[in-house]
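Enquirer: These are the residues of each chain, in order.
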Amino acid sequence: MNGLRFRGSPGSLVFLLAWLALFSTGCARHDPHTIDGAENVLHLFNWNNYIAPETIARFETFCNCELSQDYYSDNEEMLAKLAAGAAGYDLIVPTGNAMDALIRQGALKPLDKSLLPNLENINPAYLDTAFDPGNKYSVPYAYTLTLLGFNEEKIRELGLPVDTWAIIFEPKYLEKIRGRVTVLDSQRELMAAALKYLGYSINDVDENHWKEAADLIVRAKPYWAAFSNTSYVKELAVGNLWVAHGYSNDMFQAALDAKKTGRKFMIGYSTPKEGAVLALDSMVLHRSGNRPHLAHQFINFMLDGKNSAELTNLIGSGNPNMAAMQYVRPEIAGNEAIFPDPELLTRLEMLRDLDRKQRRLLSRLWTEIKLR
Amino acid sequence: MIKEGAKDARLARFLVGGPPLLFLLIFFVAPSLIMILTSFRFPGEFGGLAPVTPEDTAAGEYGLTPEAYQFFFSDILYAEIFLKSFVIASTTTLICLIMAYPLAMLIARSKKRFRNLMVLLVVLPFASNFLIRIYAWMIILGPESGLSHFINAILGVFGIAPVTLLFSPFAVLVGMVYVHLPFMVLPLYTNLEKHDPSLLDAAQDLGANSWQRFWSVTWPLSLPGVFSGSALVFIPVLGMFAVPEILGGTGDILIGNLIKDQFLGTRDWPFGSVLSIMLTLAVLSVAGLATWFSRFAAGQRA
Chain A
1 MNGLRFRGSP GSLVFLLAWL ALFSTGCARH DPHTIDGAEN VLHLFNWNNY
51 IAPETIARFE TFCNCELSQD YYSDNEEMLA KLAAGAAGYD LIVPTGNAMD
101 ALIRQGALKP LDKSLLPNLE NINPAYLDTA FDPGNKYSVP YAYTLTLLGF
151 NEEKIRELGL PVDTWAIIFE PKYLEKIRGR VTVLDSQREL MAAALKYLGY
201 SINDVDENHW KEAADLIVRA KPYWAAFSNT SYVKELAVGN LWVAHGYSND
251 MFQAALDAKK TGRKFMIGYS TPKEGAVLAL DSMVLHRSGN RPHLAHQFIN
301 FMLDGKNSAE LTNLIGSGNP NMAAMQYVRP EIAGNEAIFP DPELLTRLEM
351 LRDLDRKQRR LLSRLWTEIK LR
Chain B
1001 MIKEGAKDAR LARFLVGGPP LLFLLIFFVA PSLIMILTSF RFPGEFGGLA
1051 PVTPEDTAAG EYGLTPEAYQ FFFSDILYAE IFLKSFVIAS TTTLICLIMA
1101 YPLAMLIARS KKRFRNLMVL LVVLPFASNF LIRIYAWMII LGPESGLSHF
1151 INAILGVFGI APVTLLFSPF AVLVGMVYVH LPFMVLPLYT NLEKHDPSLL
1201 DAAQDLGANS WQRFWSVTWP LSLPGVFSGS ALVFIPVLGM FAVPEILGGT
1251 GDILIGNLIK DQFLGTRDWP FGSVLSIMLT LAVLSVAGLA TWFSRFAAGQ
1301 RA
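These protein sequence lines are chains A and B, in that order.
Position 317 (the first sequence) corresponds to 317 in the working numbering; numbering is contiguous.
Each number in the working numbering comes from the position in the second sequence (counting from 1) with 1000 added on.
I should point out that these hints are in silico values taken from the structure, not numbers from a laboratory.
It should be emphasised that the depicted structure is a prediction, and the values quoted were computed from it without experimental measurement.
For every residue, glycine included, the Cβ atom is placed at its ideal position computed from N, Cα and C.
Among the hints, a few may not be true.
To be verified - Below, computed lysine-lysine pairings styled on BS3-like, alpha-carbon distance capped at 30 Å: (1) B:1084 <-> A:357; (2) A:221 <-> B:1260; (3) A:357 <-> B:1260; (4) A:357 <-> A:109; (5) A:221 <-> B:1084; (6) B:1007 <-> A:81; (7) A:172 <-> A:260; (8) A:234 <-> B:1260; (9) A:176 <-> A:260; (10) A:176 <-> A:109; (11) B:1084 <-> A:211; (12) A:176 <-> A:154; (13) A:211 <-> B:1260; (14) A:234 <-> A:264.
Said to hold, decoys possible - Derived list of chain B stretches under chain A, where covered just means 3 residues or more per stretch with a C-beta under 8 Å from a C-beta of chain A: (15) 1073-1082; (16) 1259-1268.
Next up, chain A with everything else stripped away, as it sits in the complex (with noise of 0.2 Å):
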């Protein structure tokens, strides 16, 4: 490695690059394997801005005891921390199918449910899912819904349809909209919409069906502006993008943002009436946790109607708790983005796990995709 030697350079130049290096290649974490479970404190490993300050304030009063908390931004970055070793945590928020994972894994302790009167809150609906039959690991916490966000007055003028997939799928509305478009950078999430807009099951893995949405993807793609998971957010709010591939609650993060920084237009959001993904995030009780007593404590605080409507009213999020809707405020309560009515919740499906041959593939046609 002659070639990376700074031949007779200061030892200092050699210093400084070494410390840009460092500064370069990303952050350090807390590790939770230091904690020390003598402490009276309870570990969560939650999604980012998941849980509303007042409600860790309250809790930690109620309980005499702190929440410490890590986080993740998807499923995938939590499997894959849980898989690399992390541990000492007492409670995990994933969504359906990252939970199934963990329950066909073995990682997940049972509930138990006489310490949990509060699950009669939950509207039945959302329990007994075919990832934890009878709900033996989770209790359901919120939910996100993936669906169209977009440019009220952009979509007026140019006369589009916003419920339905094909403003993001069918060129003819697309040519109208050309680099005001991003999708998200999801695997599964593009293809779940692609599936969805051709008939199909969301799970659909059979493969010329898969084959079929990757080319309707590849045919949509020129007109996309970008695959994009979170700039699409400040991206809609500002104006530059005219509709957006996402998630509910960042729509609704959207609207605000527009909202309070006065633009001139709002940010709206729906449902396609093809369907859509419904990611429902449950709290479950991680092996590596050893404080499973103040967990069941936190996850029947978090039961009670008015702690789980103050999420919903920090981040727009969807909320199973039928005793949370007093709380909710009506403007989000009535807004059916959030909060589908009975029919189109039969349309919504929950995302299944692949296993590893059709990850495979499927990684494969993304990467197709990504290049063609």
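Dock chain B against the given chain A, drawing on the hints supplied.
Expert: Just chain B now, with coordinates in the frame of chain A:
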């Protein structure tokens, strides 16, 4: 006495060579071995690796398989991504070199008391987080930005349709060059700073014009700096995934993105390892090539 001297020399050699060797063993050889082993295993259902038990994997006695390699070589797709990443990395390196050379020369030929300040200015951007600086480029290149309006106004004069800067290969290149430019400037500067100015005077006395002075004196002498800088830019760009993810459009996928995807979205560690091994091999051959070139250049000069 003589014997003791030899012993001292051995000790000195050990002290000088030992730590770097140990460093390489711990931080390069060991991880590479782990990666090679991983690449022959089956992916676990939940990330990680499948257990090494036959009934689970339906494979040989040790649960080893070359299937990840077969998958890699079964489709031209992955070669295309490597090629594309190499093109981006080479372009970035070239642009960095063209931009960094005059700057490094300027710094090296300034008065001594300004030099440290100027070097400090070159590295100052590193004081803020890398991702924040990339996000700042999203604003600069965004469709409503001053730069976009300015460029499109000029294009409009010539009747050319407006362009979008953000979410394009151009934006990826801008981000890559921006992030890696200091890594080119610094080694170039340390090299250029050492040049003896009397060489240029001598060349001038012998009738060389300014271009000849640069091309036959400064440039050949600076080649080691050029190679160091190029390696420092080329190699990180090859593995970069954040810049294309944030600034890139629908087609800007590089090998780094693909590898990251194998460990997160697809939960396919063996295939991710295969891709990483291929990348390491590619990087090593580039580093080897750079070393050879720089020796060759040094040999030519001597």
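Enquirer: All the hints need checking, so say for each whether the structure fits it.
Expert: Results for each hint:
1. B:1084 <-> A:357: 27 Å, holds
2. A:221 <-> B:1260: 22 Å, holds
3. A:357 <-> B:1260: 18 Å, holds
4. A:357 <-> A:109: 28 Å, holds
5. A:221 <-> B:1084: With a Cα-Cα distance of about 19 Å, the restraint between residue 221 (chain A) and residue 1084 (chain B) holds, given a limit of 30 Å.
6. B:1007 <-> A:81: 49 Å, violated
7. A:172 <-> A:260: 34 Å, violated
8. A:234 <-> B:1260: 24 Å, holds
9. A:176 <-> A:260: Holds, because 28 Å separates the two Cα atoms, which is no more than 30 Å.
10. A:176 <-> A:109: It is violated: about 52 Å lies between the C-alpha atoms, which goes past 30 Å.
11. B:1084 <-> A:211: 24 Å, holds
12. A:176 <-> A:154: Given that 30 Å is the threshold and the Cα spacing comes to 10 Å, the pair holds.
13. A:211 <-> B:1260: 23 Å, holds
14. A:234 <-> A:264: Holds - the C-alpha atoms of residue 264 (chain A) and residue 234 (chain A) are around 15 Å apart, at most 30 Å.
15. 1073-1082: holds (count 5)
16. 1259-1268: The restraint on the region 1259-1268 of chain B holds, since 8 of its residues have a Cβ under 8 Å from chain A and three suffice.
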